[in-house]
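Engineer: Protein chains in written order, with this note's numbering: chain A, 1 to 112; chain B, 1 to 398.
Think of the hints as simulated: they come from the structure by calculation, not from any bench.
Hints may contain errors.
Stated by the list, open to error - One-sided excerpt, in silico: chain B residues whose CB lies under 10 Å from chain A:
1) F75
2) I99
3) L103
Unchecked claim - Taking lysine-lysine pairs in the BS3-like style, the calculated list, with each CA pair at most 27 Å apart, reads:
4) K62/B with K40/A
5) K104/A with K386/B
6) K281/B with K48/A
7) K281/B with K106/A
8) K281/B with K386/B
9) K62/B with K106/A
10) K29/A with K48/A
11) K110/A with K62/B
12) K194/B with K43/B
The C-beta atom is built at its ideal place from N, Cα and C for all residues, glycine as well.
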Amino acid sequence: MGRIAVTILLIFSALQGSGMNIYERNCVKCHENLPVSLDKFFFNYLLKYSSERQVKQALRNYLKHPRRKASLATEELLERYGIMPKSNLSDEELRKAIDIYWDKYKVFGKIE
Amino acid sequence: MSASNVTATGINRSERITLIRFIGLYSFLVLMILILGSTIYFKLQKDLMLQTKRLELEEYSKELIDGLKLLHIYFDRYRTYPRNSLYRSAIYDADHVQIFSTLKDPQGVQLDKVIYTTDGVIQYIHVLDSYYLGTKYTVVEIDDDKVWFKEAWRNILLYGGVLLFIFMAAGVVLMRLFLSPMREAIHLLDRFIKDTTHELNTPVSAILSNIEMIDQKRLDEKTARKIRRIEIGARTISTIYQDLTYLALDHQIVSEDRDTDVSALLKERIEYFKILGESKKITFKTDIQPGVKLFIDPAKLARLIDNLLSNAIKYNRRGGTVYIALHPKELVIKDTGIGMEKKEIAEAFKRYKRFKSGAGGFGIGLNIVAMIASEYNLDVKIESKKGQGSEVFVKWDV
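Pulled out of the complex, with its shape left as it was, chain A reads as follows:
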């Protein structure tokens, strides 16, 4: 148990060392400027796609091919900020970013 904690600490410090992770660099940076926080988007995806597999798949599809019709943002938000620009991350990077996003906001293990 102690060893795992040490390992996790080491990983965290390494991440700190390199600054921010791929999700923070590519997603949070832009979304920080929006009035709607990222967790709201997450729960909208959850509301529509339910499971981890389907949420991740929908996110990946949207990030690669953003379309107004597929967007889960409100009309007002879209009017004001338009749809998100197409991601230029590689498939692998995208997968990593989405995994981090999922782990950050998933409800598994958080309900009491």
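Got chain A sorted already, so can you dock chain B onto it with the hints?
Structural biologist: Chain B only, in chain A's frame:
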């Protein structure tokens, strides 16, 4: 057992067999029908119970979904699962992964059904349109009080029992109806056999006693021979009469056992059969030790000896010999006749079995011997060689 309710044809026994077989088949069919009916009734009762419970469970489900909706909206501040003491619940996502559960046993959940019972609980599955917290399926569970179960079983046992009784009563009535013509015919036949046997006795006795009264020395050769033949015929009928009465009545009434002088009885029976042997020119050779005793009904011993002697004559060749030996605890009767094969020996004691159709008789002789032997624990053995003759050993007290 009195002789009046005994039948010559064994109707009671065969009727009982028919009855048992019919009842067996009938009960099997009746049970099948009852089981089928009970299964349908049970299923209906269960569905009825589930329909009633469903309304209640739907209410709980709605309440749970409302709770999930609130939790979904305020998840950043508030994370307590909506619980209620009236029911337990669980939520699953679209890939059937459990998100949260307060169920007794989350393993038995069947998300493809709507309402069902499992392990003493009733579970109701509701599919959501909006997946609050990713929830596609809510499972609401309450305890199955089993009241319906007990009631269904009570009704099945009660009404099933009543129906079974009615069916069985109907079956017995039906069978009596079907059997009665057969039974009448058999009873008629039975009475006929008894009457005939009885009516035979008087004329045969009359013939035999009158022949004995004839002074044969005063007759000419030709007439004497004819009288002799008449006597042989009458004695044959008399033997058959004895066998038939034994089968029809005697063996079912109480035996009059006493210490019987086997030697004397045997000699007497040989004398009686000598005249029957004469027509086939059969010689009798005897080795009879005097004073051999056996505790037996003399009439039955006579039947046994008569049948063995009669067979030894019947199946002998012309001019053959019959050897009769009596020692303490053993009687041996040997002939020089056609003999039997091994397979035939085993079958010889069956009723109506005859090996030579030309020899006459009913094939009841050895069957009577076997019956008497088993009654008195006598050991009867046949040794025989085809074409050389048979040897019958009767042993007792061994």
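Engineer: Decide, hint by hint, whether the structure agrees.
Structural biologist: Going through the hints against the structure:
{"no.": "1", "hint": "F75", "in the structure": "holds, 7 Å"}
{"no.": "2", "hint": "I99", "in the structure": "holds, 6 Å"}
{"no.": "3", "hint": "L103", "in the structure": "violated, 14 Å"}
{"no.": "4", "hint": "K62/B with K40/A", "in the structure": "holds, 24 Å"}
{"no.": "5", "hint": "K104/A with K386/B", "in the structure": "violated, 104 Å"}
{"no.": "6", "hint": "K281/B with K48/A", "in the structure": "violated, 117 Å"}
{"no.": "7", "hint": "K281/B with K106/A", "in the structure": "violated, 118 Å"}
{"no.": "8", "hint": "K281/B with K386/B", "in the structure": "holds, 21 Å"}
{"no.": "9", "hint": "K62/B with K106/A", "in the structure": "holds, 24 Å"}
{"no.": "10", "hint": "K29/A with K48/A", "in the structure": "holds, 25 Å"}
{"no.": "11", "hint": "K110/A with K62/B", "in the structure": "holds, 23 Å"}
{"no.": "12", "hint": "K194/B with K43/B", "in the structure": "violated, 60 Å"}
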